[in-house]
Amino acid sequence: MSKTQVTDTGQIKLPENIINYLNVKPGDILDFTIDADGRVFINRLPSSVQELKGILHRPGMQPVSIETMNDVIKQRQVNRICKD
22 MSKTQVTDTG QIKLPENIIN YLNVKPGDIL DFTIDADGRV FINRLPSSVQ ELKGILHRPG
82 MQPVSIETMN DVIKQRQVNR ICKD
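Quick note, our numbering runs 21 ahead of the 1-based positions in the sequence shown.
I should point out that these hints are in silico values taken from the structure, not numbers from a laboratory. Treat each hint with caution, since some may be false.
Pairs of lysine-lysine, BS3-like flavour, derived with a Cα cap of 30 Å [stated by the list, open to error]:
| # | residue 1 | residue 2 |
| --- | --- | --- |
| 1 | LYS46 | LYS34 |
| 2 | LYS24 | LYS34 |
| 3 | LYS46 | LYS24 |
I would like the entire structure built from these sequences, with the hints used as guidance.
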């Protein structure tokens, strides 16, 4: 178990093993969640779309390039604007 102390201003320094486990870098955003039992969970939010690559993979599914994803997003934005 890792421990840290809260400063007078409410700040904490993450222990090195937690920084390494979460792969935290300066400028990263951390998400804190409290569950029904009062436990606190810390997750590092992805800082780029490249970090999300592969998280939705299913067997037999063909990979899609970032460029293709961006094209689909742009097309949907154009379609939404035209409908409004």
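Inset, instruction - Sort out whether LYS34 lies within 30 Å of LYS24, counting only the CA atoms. - result: 10 Å, holds
Inset, instruction - Given the hint that LYS46 pairs with LYS24, test it: the Cα-Cα distance must not exceed 30 Å. - result: 20 Å, holds
Legend entry - Restraint check for LYS46 with LYS34, where alpha carbons must lie at most 30 Å apart: Within the cut-off at roughly 13 Å; holds.
The structure agrees with every numbered hint stated previously.
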